[in-house]
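Here the protein sequences line up with chains A, B, C and D, keeping their order.
Residues in the first sequence are numbered consecutively from 575, following our numbering.
Residues in the second sequence are numbered consecutively from 575, following our numbering.
Residues in the third sequence are numbered consecutively from 575, following our numbering.
Residues in the fourth sequence are numbered consecutively from 575, following our numbering.
Keep in mind that the hints are not guaranteed to be accurate.
As the list claims (entries may be wrong) - BS3-like cross-link-like pairs, simulated, lysine-lysine; straight-line CA separation at most 25 Å:
# : chain 1 : residue 1 : chain 2 : residue 2
1 : B       : K715      : D       : K803
2 : D       : K578      : B       : K803
3 : D       : K715      : B       : K715
4 : D       : K803      : B       : K578
Treat the hints as calculated values from the structure; they're not laboratory data.
Computed from a prediction, not measured in an experiment: that's the story for all the values here.
Number of protein chains: 4
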Amino acid sequence: MERKLRVTVWNENVHERELAEVRAIYPDGIHGCIRQFLEAKGDMEVTCVTLDMPQQGITEELLANTDVLIWWSHARQEEITEQTSGLVKKHVLMGMGLIALHSAHYSRIMRELLGTGMTLHWRHDDFEKLWCVAPSHPIAKGIPACIEIPGEEMYGEYFDIPRPDDVVFIGSFSRGEVFRSGCTFERGYGKIFFFQPGHETCPTYHMPAVQDIIANAVRWAAPVNRLSKPLENCEETGLQRGDF
Amino acid sequence: MERKLRVTVWNENVHERELAEVRAIYPDGIHGCIRQFLEAKGDMEVTCVTLDMPQQGITEELLANTDVLIWWSHARQEEITEQTSGLVKKHVLMGMGLIALHSAHYSRIMRELLGTGMTLHWRHDDFEKLWCVAPSHPIAKGIPACIEIPGEEMYGEYFDIPRPDDVVFIGSFSRGEVFRSGCTFERGYGKIFFFQPGHETCPTYHMPAVQDIIANAVRWAAPVNRLSKPLENCEETGLQRGDF
Amino acid sequence: MERKLRVTVWNENVHERELAEVRAIYPDGIHGCIRQFLEAKGDMEVTCVTLDMPQQGITEELLANTDVLIWWSHARQEEITEQTSGLVKKHVLMGMGLIALHSAHYSRIMRELLGTGMTLHWRHDDFEKLWCVAPSHPIAKGIPACIEIPGEEMYGEYFDIPRPDDVVFIGSFSRGEVFRSGCTFERGYGKIFFFQPGHETCPTYHMPAVQDIIANAVRWAAPVNRLSKPLENCEETGLQRGDF
Amino acid sequence: MERKLRVTVWNENVHERELAEVRAIYPDGIHGCIRQFLEAKGDMEVTCVTLDMPQQGITEELLANTDVLIWWSHARQEEITEQTSGLVKKHVLMGMGLIALHSAHYSRIMRELLGTGMTLHWRHDDFEKLWCVAPSHPIAKGIPACIEIPGEEMYGEYFDIPRPDDVVFIGSFSRGEVFRSGCTFERGYGKIFFFQPGHETCPTYHMPAVQDIIANAVRWAAPVNRLSKPLENCEETGLQRGDF
């Protein structure tokens with residue numbers, strides 16, 4: 575029997591505590607909702623951590639035992655320390671998967687891993703149609719050609735990201751805006767999936783199709799090969815020229 | 575002084591002759607409209623050919639003297655002969671640029687060069703917003719972040735193309751459909767740009783921003799290196815093992 | 575329990591019958607060797623077909639029940655009929671995986687699916703170092719950073735292929751030639767892997783690391799989503815403008 | 575008349591001052607050599623700056639008037655300040671081109687723009703064959719299929735970079751090592767080219783083919799569209815839902 579995938583959900587967990595509107599949708603926090611639907615899949619075990627924990631919830635030991643890290647952040651992104659971000663980056667480059675949700679596009683870790691500004695256009699109180707444009711991608715397994723999300727924040731282009739390895743989903747919004755809503759990137763030995771839906775005042779993570787996408791992304795982002803220590807510039811020694 | 579780019583516009587020229595509605599928009603044919611706005615740019619000279627000409631307008635001599643071929647086709651795509659398509663394919667692989675417009679997504683030459691089904695969803699009588707998602711691409715030079723096209727045919731995903739080298743534009747339509755409306759592909763020594771707008775009953779090619787995109791695409795698709803004959807599987811001879 | 579992956583190995587099987595040198599290396603044919611090492615993996619069941627069978631070994635029923643098709647061809651590529659190639663292409667676009675080995679770069683099916691000339695440089699009697707340049711790709715799972723293949727045919731650039739989705743392996747040869755030896759392409763709903771090693775006079779397919787690569791490729795190329803019939807251009811009907 | 579491209583060459587200029595061996599090859603510094611061959615092309619004007627200048631040679635005014643920045647660094651990469659690196663990154667994301675040469679793979683600016691470890695394997699006292707694998711790329715214009723560099727440092731895979739937008743050149747070395755020696759990346763509105771040859775003890779930048787590659791890269795990396803200030807997350811206001 576293969577062991578279960580070890581998923582860690584990191585959630586800022588600020589809106590849920592401060593806003594009744596959000597708490598009504600996610601009484602156990604966004605992280606609690608994600609844990610519940612992922613564990614129901616049967617092939618994953620989920621740990622939740624939040625910003626208010628010691629070391630902002632991120633330790634070397636935790637990440638060394640995490641196959642895929644899911645990250646939701648928004649209001650307190652500026653508080654993330656160099657140590658927290660550096661630990662996540664190190665483990666991604668060594669093979670740990672990373673799924674950045676919604677406003678985590680602008681998290682410190684995404685900006686440091688991808689190197690671009692990660693900016694976009696946005697507007698509250700919209701709805702979305704999410705189209706699958708890469709049906710052979712593992713993240714698209716069993717996902718309908720179009721998902722209608724009744725309430726969602728508009729995210730619009732231009733989205734300042736590097737050219738994605740794959741654009742799996744493109745979203746459209748009420749005034750004709752479009753967005754590369756599901757994108758993959760590989761960095762070092764690790765895989766990254768950015769997924770745009772998930773505004774805190776909308777029950778998006780309760781939608782089965784959205785849950786399936788996130789579960790597929792976890793399976794896709796799990797390490798293929800994993801390093802035990804970071805790569806280094808490495809001199810080739812002990813070899814003689816011409817002994818190919 | 576650099577010589578002008580030699581552009582050939584191939585147009586089916588069927589709708590223009592058969593439908594007064596189309597003729598009213600393009601009295602000189604779609605090819606005539608394209609010739610006019612490209613020649614006005616000053617750095618291009620344009621030849622027009624049409625389906626009803628001998629050899630369907632495509633000869634070895636013409637293509638050998640063409641830097642970029644623009645192709646508009648729709649109603650008679652099934653009539654294109656193996657010889658016509660083969661000549662175009664040969665010259666693209668040797669370096670000639672190719673710009674396929676609108677319904678030419680389903681032309682014989684595009685299906686043979688790209689290898690996929692090239693199918694999509696469509697609906698008449700719509701409008702489009704065209705978003706630039708690759709502002710550093712030469713085809714995007716001077717193009718606004720969003721172009722509104724008042725009348726256009728809807729083309730919707732899933733669009734059965736290979737993963738494009740670049741998606742420069744994404745279009746959206748009235749019911750939230752999205753489409754990879756401006757895509758690039760490189761095949762052999764040649765560059766290909768597919769551009770979705772341009773339904774025959776809409777005056778799309780009279781829009782300055784659309785004209786700028788097509789002119790940019792011509793400059794981008796012009797050959798970088800050009801072969802004088804097709805590549806062949808080629809044995810490396812006269813060399814001895816180990817004499818690297 | 576998940577069902578086993580259904581692999582079909584198509585082999586030309588000409589060199590094995592005609593040349594004692596090849597028969598000595600592959601007494602059961604290249605297809606027999608591949609079947610043996612794939613079935614030993616435990617999660618695959620393998621069917622073998624050869625060129626000399628009715629319908630060149632390729633039937634609608636066979637492909638409809640194949641998850642991944644492996645193709646080895648060389649001397650008789652010109653004999654492949656339009657029907658054979660068309661059936662394979664249809665099923666790849668509907669989701670069947672395809673692994674093209676060695677000289678199958680120039681097979682009719684690869685040329686029709688990829689659209690380029692597929693030409694390269696070659697030289698017999700060489701050796702190869704195969705480097706993994708995409709360690710996070712599923713095909714690289716457990717594969718060493720460098721594999722030394724003591725005897726192999728040189729394949730050298732320029733290799734006339736479309737830009738691959740991923741280059742997983744780059745090979746080098748005795749005079750400093752390089753080659754994109756392991757490349758992936760997605761076409762329609764199907765995944766394609768081209769793998770260069772495997773000259774018929776070399777025991778390459780007996781090497782465990784090469785066997786692991788091919789087994790990984792089968793698992794990667796297995797359909798994510800599979801269509802029951804080819805995609806068609808499809809009119810959106812029954813919808814009213816503005817009812818987004 | 576089009577104005578000339580404004581190129582700035584930033585050079586660490588340490589080895590040239592400290593080592594007679596290097597000074598003998600580059601009496602005017604690596605920057606002086608690059609300036610000379612680029613200005614001889616006729617369409618570029620070149621400014622040189624070095625690490626020992628005020629503000630490490632990098633000012634807002636300089637970069638605002640630079641189309642393409644060329645960067646050579648090695649021994650003192652750790653000394654580059656956050657301000658220097660941040661200014662360069664800001665201008666790349668706004669459209670300035672960047673060409674990173676040789677050991678600048680590991681410069682602070684490349685690590686911050688690309689987000690990966692940028693590590694590789696290396697060995698002194700080798701030679702290289704450099705193969706063009708993207709003959710339709712503007713950087714390949716007029717470049718031979720293979721360039722032999724008699725003396726060069728070996729750089730070998732695995733090279734920890736994001737998947738490049740294009741791999742234009744692959745290098746091979748004396749023991750069969752391979753390297754993605756010419757890679758492009760787009761970040762924000764800016765284009766980046768990394769080019770591996772150019773070890774300080776080898777006269778590589780005196781080779782005409784290498785000079786042509788760098789000149790081509792400058793023309794390719796010049797801004798297509800350029801921003802006057804950094805992109806920001808931007809709320810769409812003043813629009814009403816449904817007024818598409």
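Hint check results:
1. K715/B to K803/D: Holds. K715/B to K803/D sits at ~18 Å (cutoff 25 Å).
2. K578/D to K803/B: 35 Å, violated
3. K715/D to K715/B: Answer holds: K715/D to K715/B is near 21 Å, not above 25 Å.
4. K803/D to K578/B: 35 Å, violated
The structure fails to meet hints 2, 4 from the earlier list, while all remaining hints are met.
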